[in-house]
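Protein chains: 2
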Amino acid sequence: MDKYDTSLDTIFHALADPTRRAVVQRLVKGPAPVKELAEPHDMALPSFMKHLGVLEDAGLIASEKQGRVRTCSFNPEKLAAAEKWFDQQRALWASRFDNLDTLLASMQEGNDET
Amino acid sequence: MDKYDTSLDTIFHALADPTRRAVVQRLVKGPAPVKELAEPHDMALPSFMKHLGVLEDAGLIASEKQGRVRTCSFNPEKLAAAEKWFDQQRALWASRFDNLDTLLASMQEGNDET
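In the order they appear, the protein sequences are chains A and B.
Just so you know, we're using my numbering here: the first sequence kicks off at 3 and counts up by one.
Just so you know, we're using my numbering here: the second sequence kicks off at 3 and counts up by one.
Treat the hints as calculated values from the structure; they're not laboratory data.
A portion of the hints provided could be inaccurate.
The list makes no distinction among identical chains, and a pair is therefore deemed to hold if it is satisfied within one copy or across any two copies.
Stated by the list, open to error - Below, computed lysine to aspartate or glutamate pairings styled on EDC-like, alpha-carbon distance capped at 16 Å:
(1) Lys31 <-> Asp89
(2) Lys67 <-> Glu85
(3) Lys52 <-> Asp19
(4) Lys37 <-> Glu66
Here chain A stands alone, though its shape is the one from the complex (with noise of 0.2 Å):
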């Protein structure tokens, strides 16, 4: 059970923004300034800057300043972690009509020895 996971929590949260999955979507192809990453969003760098905290404080994503710019990069692990409670449920949901396919095929064994 992952009822305590509060990392689950930060990450669905951090992914719940249409702007912020954008920032994931760019950052997974390399590594970006956050000027060139705020560039397509029609917002204040503030507001953006924020976004960009959120996806910090989930693990995310990583910065790192050089001089005067600031350098953001993708963390993947984070994002593994969140593909796993996926694959959970996916598991859980075939596992449901594997249990069914065992139940037919014995009924089917039962209706043959009669």
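Starting from the known structure of chain A, fit chain B onto it as the hints suggest.
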């Protein structure tokens, strides 16, 4: 781009809460009445119903009332939409390294020719 895909906003928002994830984790195993779903969660029924409402609005679950019993069931389509987003990021992330491999191979070829 999924910049205007509000569906992912509501799906990820719905999953950003441990109670709501626990409900999904229960329902992937099969439908259940609200009473059974609420039982493990230490909260008042109206609060729990709000969580179910968020999941239902996001399309992750559906519910049906028969007599006095409301039964909830899992809707796999919306979870698949979120999974698809992860798959896309994973593919982009992987292609970055494929490109790097191609670059290194072409550099190697260049070295071999000299």
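Tested hints:
Taking identical chains as interchangeable, the C-alpha atoms of Lys31 and Asp89 lie at most 16 Å apart only when they sit on different chains, with a minimum of 14 Å there against 24 Å within one chain. Taking the shortest alpha-carbon separations for Lys67 and Glu85, neither the intra-copy value of 30 Å nor the inter-copy value of 33 Å comes in at or below 16 Å. Taking CA atoms no more than 16 Å apart as the test, Lys52 paired with Asp19 passes inside one copy only; the shortest distance there is 12 Å, against 21 Å between copies. For a Cα distance limit of 16 Å, the shortest separation of Lys37 from Glu66 inside one copy, 13 Å, qualifies, whereas the shortest one across copies, 50 Å, does not.
Hint check: a violation occurs at hint 2 only; the rest are consistent with the structure.
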